[in-house]
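A.B. asks: Given next are the chains, with one letter for each unit.
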Amino acid sequence: MSTPLVSLQDLSVQFFGSRNACALNAVNIELGAGEVLGLLGESGSGKSVTLRTLLRLHPERTTRIQGRMLVDGQDVLALRGRALDFYRGGTVSMVFQEPGLAFDPVYTIGQQITEAIRAHEAVDEASARAQALQMLERVQIPQAKRRFDAYPHELSGGMRQRAMIALALACKPKLLLADEPTTALDATVQIQILLLLRELQRETGMSVIFVTHDIAAAVEVADRIAVMYAGRIIEQGPVGQIVRTPRHPYTAGLLAATVGTENRGQPLLAVPGSPPDLAALPPGCSFAPRCVHASERCRREVPPLQSVGTQALACWHPITPLAEAA
Amino acid sequence: MNTSSYFQAPVQDRGGPAQPLLVVRDLKKHFPVRGGPLERTKKFVHAVDGVSFSVPKGKTLGIVGESGCGKSTTARLIARLMSADAGNMVFDGEGVDEFGGIRLKEFRRNLQMVFQDSFASLNPRLTIAETIAYGPRVHGMPAAEAMRQAHELLARVGLAPEQFASRYPHELSGGQRQRVNIARALAFDPRLVILDEAVAALDKSVQAQVLNLLQELKAERQLTYLFISHDLHVVHYISDYVMVMYLGQVVETGPVERIYGQAAHPYTRALLSAVPSMDPDNRTLASPLAGDPPNPINPPSGCRFHDRCPHAHPVCADKAPALIGMPGAPAHQAACHLNDPASGHPAALSEIQP
Amino acid sequence: MSASLELSLPLADVAAPAPSRSYWLVVWRQLRRDPMALAAGLILLIIVGAAVFAPWLAPADPYKASMIKRLLPIGSPGFLLGTDELGRDMLSRLMHGGRLSLLMGVVPVLAAFGIGTAIGLFAGYIGGKVNMIIMRVLDVFYAFPSVLLAVAISGALGPGMSNSLLALTLVFVPQVVRVAESVTTQVRQLDYIEAARMSGASAFSIIRVHVLGNVLGPVFVYATGLLSVSMILASGLSFLGLGVKPPEPEWGLMLNTLRSAIYVNPWIAALPGALIFVTSIAFNLLADSVRSAMDIRR
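Same order as they appear, the protein sequences are chains A, B and C.
For the first sequence, numbering that gives the first Met the number 0 assigns the number 0 to the initial residue and increments by one for each residue that follows.
For the second sequence, numbering that gives the first Met the number 0 assigns the number 0 to the initial residue and increments by one for each residue that follows.
For the third sequence, numbering that gives the first Met the number 0 assigns the number 0 to the initial residue and increments by one for each residue that follows.
Don't read these hints as lab results, they were simulated from the structure.
A hint or two may mislead.
[To be verified] Across the chosen pairs, the derived CB separations fall in these ranges: (1) B:His169 x A:Leu100: 21 to 27 angstroms; (2) B:Asp12 x C:Gly127: 37 to 43 angstroms; (3) C:Val25 x A:Gln73: 44 to 50 angstroms; (4) C:Gly113 x A:Thr61: 39 to 45 angstroms; (5) C:Ile280 x A:Arg299: 52 to 58 angstroms.
[Stated by the list, open to error] Short derived list, chain A residues pointing at chain B, Cβ under 10 angstroms: (6) Gly88; (7) Ala186; (8) Ile214; (9) Val270; (10) Ser273.
[As the list claims (entries may be wrong)] Covered stretches of chain B, going by a simulated chain A footprint (3 or more residues, C-beta under 8 angstroms): (11) 76-83; (12) 163-176; (13) 195-208; (14) 223-235.
Note that beta-carbon positions come from the ideal geometry of N, C-alpha and C, so glycine has one too.
Chain A extracted, bound-state conformation:
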């Protein structure tokens, strides 16, 4: 990997308001061009906050962002005005969980995609329309010509998500952020969207950060998985390693709690307790209160994220230590 496309260095995000919360704590992520990173975590783990911070979507008045964020050589935190507008949509764009909410209900799908293209490229209306139609065909919307003039509510959930992807890719971004894009969809539609994302990524060579709570969905699309817990990355590695030999007890717990054929009739190996309150994080490892391996040290000191090659781990008592060859 030469210069990475995305580089987050010690990124911390705090929210102020009626309650203060540390949503991200010193997160480091590097992502090469054409790489797909699965960001795995449960509610409150900071996975969506990471995406929103990358797009600078948080209200500035109530948010404090520390650290550095470099995307395609640009210092994202320093972007202002037009440069920020070009960055959003041009360099980085996002696919949301609820495509129904991300589209404006009073314009047709085609109008909105055309609009997005014209906002970023100096092209006339007609060629922008042609490009937009081409995008709809590329995301495999059947009868794209007819759907071009459809309003968002006239499309089914799966079609809307395809249109959302078309909108996100219309300006040929280098980085696509996907925030649980398949969670709200039915099983038979979910797999179609996962396959589509994988195919489009291969065709365009863009980088993707795919946020999900579902390991299986991440396995279908990602090259690498970063596991987040309470605003920190606790483990990172190639998909195969994460799924087969998880090092962090939390990752192992998540995998063990995934129900399937094997554990029918037996009690599940559940991780006890619930995720911590981001307004009152424990002093040591955030997972310590729920961890069976936790020691005095875990409760006192935050384990640093150490990396070897493509793998990284933040744990005092890993199931398999990092040094062992993967």
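Given chain A's structure and the hints, the job is docking chains B and C onto it.
C.D. replies: Coordinates of chains B and C only, in the frame set by chain A:
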């Protein structure tokens, strides 16, 4: 401590172990759709269209299907939260709300429901102990006794009463709230619990805890579950029998190992192969189905699945297949012409074996 | 069958229920920490206190006129806030005037709150055609601007305090019903109402325990906001001669009678208006604070 003494009659087995706890026959619910002012014909959403099934005592029936298949409407019809257009129910051998059968109030006490949205299903203005105690108090249990029982139930679902009893729903996490909902359902000593996507909104690590709790409670209190979910993994884990629904109809039903091992309906097989693989070296290569589930307002003629089915034949559009038992396994039924040699489908019973 | 069994239950080891913190206690604590609420509350307390205890606190007789002491400026010896166009003590008149003004602000709102919530709950919980008919009838009232409606009803009933109270109540009822109905309709569809229905509870019990508590809050907040409107409308009616009659002290009426003095002593003429303004702002601020304090989910 016989809490049921406050209710009209103690819970007891009436029909014997062989009698299914709940038998549902030909349940129908059509919602009218508001058409334009000039449209003469009224349109209907065929939400539930002739659903029949039975739940054996002490077992779990899992109902799976995609959005719009009518699984949640079925749950609400059974719970009598909405009235059915047609169909009847027999609870432990007694017709529900029929002359000489079980009265509605008594039926409701035997049947409780846990909803998906743990927050919306708790009154934000009541402490969780008050919420659990409400039902029994409605049935005449003295306040102190109902409170004591609520504390016991909280302890049973894993929430220390001294710590949680006087909290409000917003002060709890999603998993804890769902435990409260389970405790509320148990306050009646029900025999049948409908779990409508009860673990769908929970984080994976918490979901496992709640599933374990449900399994323990089932064994402890001889409960029967109707488990409604879109998550095939969870249904596989918890169910003894599975029923697959598509556009308001049952397409396949049978013992869990038959459904997951030898699915006989093309839709069931598509649904099962749409589950993402957990193996990065063996990723899913092709999607089993194209497109979204069709609109239940105008369901396709004949077999409702025929326009998405890889095995569709003109006969499928003409004639609706009936649920028929599989050879050698009468409890395993599927509604597909491929399984019926008399259907006229050219591929019937030949290439269907998985 | 096991009634005797129940009686013999050893009550001693029945665990004492943990003290449950009542909802209103939580709200009250929240409110106490809000400086805006405290300031607004303090101002209202002073104004209400001065009005209630006016007969004892007022320095002079509010009806005692004096031809030679007309329109004395603020701070004149013996007349802290000066005198009005008939030489009556302004401070005493303002204190006494508060009695009627506040009464006319509060009573219609309270009455509308009770009547409107009852109708709204009923309509919202029943739903369907009954709801539609009730709401359409009320929409007719709602279609008129409230000032116009108040003046029209008051005018039709004839001047006088009780008639203006009635007019104001009629103005507010449709508004309260609207809020109560829409909140009830929302609450009625929530899962916890379905869960309560599953427990076999009667509609009355469900409304009392599960609906009322969740509807009362938003309606109460809305009604608090109406207090200032009611006061201003009441003053307006008096100003137009439809409410209280002279020489009765009332802020709106005082504003009217002092109109002619505006070129002679504008500060005196502005005093009743300033009081109406301050009181209604204080009511509004308090309503806002109560609204946010009642949202305990944060």
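A.B. asks: Hints broken by the structure, by number, lowest first?
C.D. replies: Structure breaks hints 6 and 11.
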